[in-house]
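Novice: Sequence:
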Amino acid sequence: MALFTPYPSLLTFKQNMRHEGYNELVSFIKQKDWQIFGTLTFRFAVSKEQAEKELNKFWNIIDRKLNGNLSWRKNIRTERLCFLQNGKINNNNHIHFVANTIDGVDVRDFIIILKYFWQRKIKTSGKEINIKCIRNLEATSKYLMHEFYKLGNDTLALTCSNI
Numbered sequence: 006m007a008l009f010t011p012y013p014s015l016l017t018f019k020q021n022m023r024h025e026g027y028n029e030l031v032s033f034i035k036q037k038d039w040q041i042f043g044t045l046t047f048r049f050a051v052s053k054e055q056a057e058k059e060l061n062k063f064w065n066i067i068d069r070k071l072n073g074n075l076s077w078r079k080n081i082r083t084e085r086l087c088f089l090q091n092g093k094i095n096n097n098n099h100i101h102f103v104a105n106t107i108d109g110v111d112v113r114d115f116i117i118i119l120k121y122f123w124q125r126k127i128k129t130s131g132k133e134i135n136i137k138c139i140r141n142l143e144a145t146s147k148y149l150m151h152e153f154y155k156l157g158n159d160t161l162a163l164t165c166s167n168i
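Numbering (my numbering), first residue to last: 6 to 168.
Note that these hints are calculated values from the structure, not bench results.
All of these numbers come straight from a predicted model, not from anything done at the bench.
Some hints here could point you the wrong way.
Across the chosen pairs, the derived CB separations fall in these ranges [unchecked claim]:
(1) GLU143 - ILE168: 13 to 23 Å
(2) GLU143 - ARG78: 29 to 39 Å
(3) ARG125 - TRP77: 19 to 29 Å
(4) ILE168 - ARG69: 11 to 21 Å
(5) ASN105 - ALA144: 12 to 22 Å
(6) VAL31 - GLY73: 33 to 43 Å
(7) ALA144 - ARG69: 30 to 40 Å
(8) PHE33 - CYS138: 19 to 29 Å
Mimicking DSSO-like on lysine-lysine, the simulated pairs with C-alpha atoms at most 27 Å apart in a straight line are [to be verified]:
(9) LYS120 - LYS147
(10) LYS128 - LYS70
(11) LYS79 - LYS37
(12) LYS155 - LYS53
Note that the Cβ used here is the ideal one computed from N, Cα and C, for glycine as well.
All chains, full assembly: derive it from the sequences and hints.
Specialist: Written as structure tokens, this is what we have:
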């Protein structure tokens, strides 16, 4: 007995979303031993461009505060991969990221620093903020890509990422 699906093409796409691009990005994420996973939200609806701009500002603040002038002169920055997502009904732009702490800073302290600067220095920051240590890199890498079927490779925010 065949299963009836009202939208067979969407279901087929979701079932086959693990095509080369998806699998390659998931394995790329898993290549590095990431320490921190985070979700950053906005107070109100923002466009993808605004979200990327705010995210760049946030990471520039982090890099500047923790690395000083080295972040500019020698391009020493926090290792991170950022992913823009729209939410279930495409009106909730938010960001997921994985990052590594810098030398000399404990992971728990780095999480506190990230939360502080997102909430205090980014005017559009939302109340929902979730930054924690990664326990399962396999699950984290797949979660980062859970909207890949909607956005494709655009889910990876290259302007905000640094590896």
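Novice: Range hint 30 to 40 Å: satisfied by the CB atoms of ALA144 and ARG69?
Specialist: holds, 32 Å
Novice: Just tell me: holds or violated, for the beta carbon distance of GLU143 and ARG78 against 29 to 39 Å?
Specialist: holds, 37 Å
Novice: CA of LYS79 to CA of LYS37, is that 27 Å or under?
Specialist: holds, 22 Å
Novice: Taking 13 to 23 Å as the stated bounds, is the beta-carbon spacing between GLU143 and ILE168 within them?
Specialist: holds, 19 Å
Novice: Starting from the hint 19 to 29 Å, judge whether the C-beta atoms of PHE33 and CYS138 obey it.
Specialist: holds, 21 Å
Novice: Starting from the range 11 to 21 Å, see whether the pair ILE168 and ARG69 falls in it by beta-carbon distance.
Specialist: holds, 19 Å
Novice: Could you grab the alpha-carbon distance between LYS155 and LYS53 and see if it respects the 27 Å cut-off?
Specialist: Within the cut-off at roughly 14 Å; holds.
Novice: For ASN105 and ALA144, compare the CB-CB distance with the range 12 to 22 Å and indicate the outcome.
Specialist: Holds: the Cβ-Cβ distance is about 18 Å, inside 12 to 22 Å.
Novice: Given the hinted pair LYS128 and LYS70, is their Cα-Cα distance within 27 Å?
Specialist: holds, 18 Å
Novice: Under the criterion that the straight-line Cα-Cα distance not exceed 27 Å, is the pair LYS120, LYS147 satisfied?
Specialist: Satisfied, since the Cα-Cα distance of roughly 23 Å is no more than 27 Å.
Novice: Check the following: the C-beta atoms of ARG125 and TRP77 are separated by a distance inside 19 to 29 Å.
Specialist: holds, 22 Å
Novice: Falls inside 33 to 43 Å, the C-beta gap from VAL31 to GLY73?
Specialist: holds, 35 Å
Hint compliance for this structure: no hint is broken.
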